[in-house]
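K.L.:
Same order as they appear, the protein sequences are chains A and B.
Under the numbering used here, think of the first position of the first sequence as 4, with each following residue one higher.
Under the numbering used here, think of the first position of the second sequence as 23, with each following residue one higher.
The set of hints was computed from the structure by calculation and includes no laboratory data.
Mixed in with the good hints, there may be bad ones.
[Unchecked claim] Below are the DSBU-like pairs computed for lysine-lysine, each with C-alpha atoms no more than 35 Å apart in a straight line:
1. B:K367 x A:K131
2. A:K105 x B:K367
3. B:K443 x A:K305
4. B:K517 x B:K443
5. B:K175 x A:K76
Listed below are the residues making up each chain.
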Amino acid sequence: MMQRHLILEDGTTFQGMSFGSPATTFGEIIFHTAMTGYQEIITDPIYDGQMIVFATPIVGAAGIHAEAYESVKPTIRGMIVNDLAEVSVNRQRRMNLDRFLKQHNIPGLYQVDTRQLIRHLRETGPQKATIVDYADEHAVDQLVATVLTNKQVQNMATPKPYANPARGRHIVVIDFGLKHGILRMLGDYDANVSVLPYTTSVDEVLTLDPDGIILSTGPGDPRALPESVLTLIRVLQSKVPMLGIGLGHELFALANGAELMPLPSEHHGMNHPIQEIISRQIFYAMQGQGYAVDEKTIDRKKLFVTYRDLVDGAVQGLRHRDFPAFSVQFFPDAAPGPLEATTVFADFFETVEDYVEHYNQQ
Amino acid sequence: MSNTITNNKIKKVLFIGAGANDFGREGEHDAAIFQVMPELRGHGIEIFIIDDNPYALSLESLAATVFWQQLTVDNLKKVVRENNIDTVAPLFGGESSLRLWAEVVQSWAHGDGTVPSTLGLSIDMLLKVNNIPALTAMMADIGLPVINNYVLKAQDEANELLRELHLPLMVRALHPNQTNTRQIVERLDDFEDAINLAKTQSVTQEVIISRAINGLKEVSIEILRDVRGNKMQIGASEDMDPIGIHTADSLSVSPILTIQDQLIGRMRDYAFRIADMLQLKGVMHVQFAVDDDTHTIYVIKVSPYIDQMATRMSLATGYPTMLVAINLAIGVPLEEIVLPHDFGKHVAMMEPMMDHVVVKLPVFPFGELEAAGVHVNRQLNSVQKSVGSTLGLGRTFIEALEKAIRSAHFNNASFSPTNMKHINDDELIQQLIHPQDNRVLLLIEAIKRGYEIDELAELTAIDEFYFYQLKYLHQLESEIEANIDNIDALRLGKKYGLSDGLIARFWHTDFNIIRTLAKENGINVTYKSVEPSAGEFPENARQYYATYESENESVQISDNTVLVIGSGAFRMGDAAAGGYATTVVMSELRRLQYPTIIMNNNPSDATLLPHLADKQYLEPLEVSDVMKVVELEKPKVIVIPGNRRKLINALRDLNQNVVILPKTKHIPGGPNENQSEFALNIFYDGQQAYPINLTQHMAGEMRVIPQVAHIPDTIVSTNFEAPGVYQVIYYQSIVHWVDRMDLSNMGYDSWIRPMPFGQVAYLSKAMQTQWLRLTIRAAMDDLTSRDIELLQTINERPIVYPYSMIAADINYRLHLQPHEVIDGTRFEMGVGVKDYG
């Protein structure tokens with residue numbers, strides 16, 4: 004194992020030992036405080052183009068599991084950890100975290116003082132970073148000159164429609180970088196799923212006559228997406244039950260006139276109390292967000308706030324006053340994360356049933 | 023209405039202490055009660071506490087009205103009645119208090135008045151929690167995966183059941199009287215014995231039999247629930263050792279490392295559903311058996327009360343479990359809990375995250391017992407054999423493990439890589455299948471001999487992660503051994519927690535040389551704080567551990583600090599009262615307004631409670647660990663138990679100002695069956711010796727002799743090393759209690775020793791005179807004129823409580839199966855009191 008370096012845009016450097024791929028990469032560096040679910044996190048498309056620092060002291064000890072993929076091909080730019088374990092649970096071949104990252108050409112660094120790095124990042128917020136062999140001036144110049152893409156959704160979302168057929172309700176998922184957890188939850192409800200690209204037209208969706216629509220999770224800044232997406236949402240929300248998740252929630256808010264604000268320091272973890280405002284119940288869920296809906300900009304005639312993060316006060320859920328449409332900032336698919344958040348899907352399917360019943364009675 | 027705090031009807035709360043220390047009861051309950059009583063008083067509630075344990079700190083608390091009495095149904099009822107108690111808090115005293123309170127409730131007669139309510143649990147649920155089959159059935163009803171129980175009534179034949187069930191089986195008592203042992207029966211021949219033992223432990227002679235699930239992983243989840251039904255997870259650990267070895271005897275690791283998120287999520291969900299089922303207001307520990315190949319999970323134990331897991335998790339994460347628990351119990355919703363200002367704003371509601379590894383290592387009494395000629399059964403099974411535990415904190419598993427091992431006072435020789443060479447392959451395999459206390463060494467030896475990891479994982483039912491870790495440790499040690507004076511090897515060794523002493527052994531030199539070498543090459547210790555946000559937020563941490571990374575977070579807090587060195591794990595013998603002694607010393611130093619720093623690694627005693635010190639180091643207590651803290655904190659004074667000679671000398675060599683808490687190096691034995699041990703007790707304030715009283719000690723019991731004591735001329739100041747309580751000991755062949763003892767009988771064979779801490783605790787309570795506080799005041803030159811006045815007349819004052827101290831009834835046969843008799847004084851675990859009127 005060879006020594007490599009992490010350089011941040013502000014000039015800070017960290018040393019560590021290399022694992023995974025020996026590639027040199029650039030990305031936006033963020034930190035994650037979840038203690039479990041490293042495989043789900045590094046395969047989650049929302050982290051496309053980012054380097055993730057893990058607070059949990061050891062990663063890799065649970066192996067790489069067939070049922071813990073959130074996408075088949077991870078596209079993070081780097082994984083920075085304190086200690087690395089080399090456990091494999093694969094029945095066919097040795098597949099530990101190190102080999103997994105090698106296979107996907109993702110560099111990793113371990114034996115890094117991740118606590119120091121996280122304490123630093125919580126002050127600076129996310130920034131550009133690179134993993135290199137030599138921490139010289141050239142590497143710093145390269146980093147400063149690099150422009151990171153804001154086309155993550157385009158990179159991650161499906162360009163072609165596909166189906167996940169079953170015999171239950173017909174749910175259309177608009178894909179902005181969908182994670183498997185959402186499909187898994189829909190599978191639990193035996194939903195007949197059509198996944199459509201975000202460039203789909205209103206006509207194409209309505210021709211399919213869905214019982215419900217999900218605006219999927221996805222990476223990056225939703226404001227980088229074309230206006231047509233917001234139009235699509237505005238039309239569909241008035242016709243079919245809709246659930247927006249993560250980026251889908253942010254788009255739902257934008258479509259209804261609210262604005263986003265970047266969080267001072269991105270929040271990625273599963274330990275913040277989230278309160279359902281109507282019942283005052285507190286629960287926990289996986290969260291991963293660089294933006295939050297700016298509450299001051301919410302049009303109270305259209306939307307109301309349903310969930311709130313009790314630590315930073317950030318809006319965690321919205322509901323439309325006139326339509327059966329709602330959204331959550333957190334990830335209710337529990338992959339990884341607490342199961343209690345999955346009640347959001349129960350709410351959604353209840354809305355879907357109401358909608359179906361309404362038409363059946365007519 | 024759900025947001026109204028329901029504590030308006032709570033006016034008088036009685037805490038039930040845990041009683042004498044025993045296997046699995048090492049002071050954590052007393053520490054919890056001691057911590058929560060002032061908090062509850064802050065809510066305007068009047069507090070009462072009953073306990074019989076002379077080592078109980080809560081009996082010295084100023085926050086409560088104290089009843090130092092035997093824990094019996096009658097005494098409890100009397101205290102409740104005479105003080106108009108409206109609410110009883112048994113959950114903080116743990117399983118034994120809960121059982122006692124359930125007994126009181128069940129025997130509550132019509133004329134006894136209204137049954138006080140139980141803090142945190144309804145009476146109905148309290149009784150269910152005490153009845154395993156009823157609890158299991160309730161859980162099965164709501165769809166939780168439990169293991170079916172078969173109840174064998176007193177007159178039933180067990181053979182019928184054997185036809186239905188397959189070995190191995192678990193056997194335990196229904197309606198246990200005190201102890202309830204989980205026995206695993208693997209051979210048909212052992213079945214009858216197990217049933218018979220369980221019957222003796224049951225009030226109704228009924229026995230529960232269920233399928234044993236040996237070999238699965240054992241996982242603990244700690245959660246809490248508030249009055250509104252909000253629930254959160256506040257800790258989790260996995261045992262390295264599989265089910266079949268008692269969890270207290272297992273090496274436990276936090277956070278959970280080898281189990282995937284989905285399975286942990288399911289366990290969390292089950293624990294939440296159990297808390298809802300019980301309508302619990304408070305904290306709960308749920309134990310699970312997990313098969314991560316088949317994704318099968320069983321709920322195996324539900325403990326909706328404070329236990330060792332609760333206190334350990336609080337230390338491991340920095341989450342203020344006890345303060346939150348008492349608020350929940352009186353009905354304050356999670357969202358409205360106000361913590362002392364030095365905790366972060368949202369700490370109570372945020373699930374604690376960890377960026378370090380915590381290893382809990384059990385401490386077994388085998389070595390000390392064998393040195394005294396007592397042979398015991400060392401094989402680990404479902405009956406607890408460990409008497410204490412230590413915590414090791416580090417950034418890696420290896421570092422945490424190494425530190426836990428050093429904290430347990432293994433000397434380097436017994437953890438030496440060459441230690442296991444003599445064992446042959448057959449024995450090795452036998453011990454892998456039937457592990458003993460030294461299994462970590464054994465696993466390393468097996469790796470060294472080239473056994474494949476999957477083969478070992480199969481044999482031992484230990485996750486392969488641990489073998490990879492131990493293999494790496496072995497490689498690391500070999501590399502260091504092969505590269506003497508190599509700085510890179512030293513750097514790596516320090517990073518993974520190898521001590522200066524261990525590296526010195528590999529390099530055939532002294533630990534001071536290693537320390538200097540590391541320093542010269544910029545390999546410096548860094549202290550990281552233990553705080554529940556894992557770095558996400560700035561927290562005012564008080565708790566630190568050492569590691570070797572780049573950023574150090576600990577800075578000197580003052581140039582006027584007192585550093586107190588704790589006494590480590592709970593052990594048999596006088597160390598049982600060590601935690602008590604350290605805590606009282608800390609409390610007195612705080613009262614005298616010295617900024618205090620504590621170093622310790624015992625998760626169970628009260629020394630690491632959040633507010634007893636300005637700063638805590640969860641560290642091993644070897645000379646090199648202490649030196650590093652001393653270099654950083656530059657304490658004005660260092661308080662050390664007197665048995666730590668090497669440490670005392672090392673610090674004095676560096677011109678440190680050391681205060682010794684007088685304590686003998688060797689555990690004192692007690693009188694045999696045919697004699698009495700008499701003691702003339704003396705307080706020495708650094709200048710002058712004051713007579714206290716005389717005590718008589720027969721095997722298993724000790725009393726104060728009602729007589730004015732005087733110090734003979736033969737005793738001079740030079741007999742005493744430092745301020746403290748001492749005793750002149752002599753033996754006589756007397757086997758009855760005496761009212762007078764003529765000091766001239768004191769023969770030439772008498773000798774002086776520091777009074778054992780256990781006796782100090784007892785005398786402090788019986789006399790209502792705080793001897794340890796006086797000791798520390800004398801040592802710090804803070805005695806007042808009132809103190810002197812008291813000391814001058816103390817020998818003439820009668821004792822306040824005419825109680826004798828009695829050895830607790832510890833079931834050594836069950837736990838240790840000793841071949842010889844165990845000296846209950848020398849190897850004491852717990853004590854109680856008895857009124858001799």
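K.L.:
Determine for every hint whether it applies to the structure shown.
P.N.:
Hints and how they fare:
Of the supplied pair hints, the one linking B:K367 and A:K131 holds, its CA atoms being roughly 31 Å apart against a limit of 35 Å. Note on A:K105 and B:K367: the hinted pairing is violated, with a Cα-Cα distance of about 42 Å set against a maximum of 35 Å. Note on B:K443 and A:K305: the hinted pairing is violated, with a Cα-Cα distance of about 76 Å set against a maximum of 35 Å. A hinted pair counts as satisfied when its Cα atoms are at most 35 Å apart, and B:K517 with B:K443 qualifies at roughly 27 Å.
Annotation: proposed proximity of B:K175 to A:K76 is violated, straight-line Cα distance about 59 Å (limit 35 Å).
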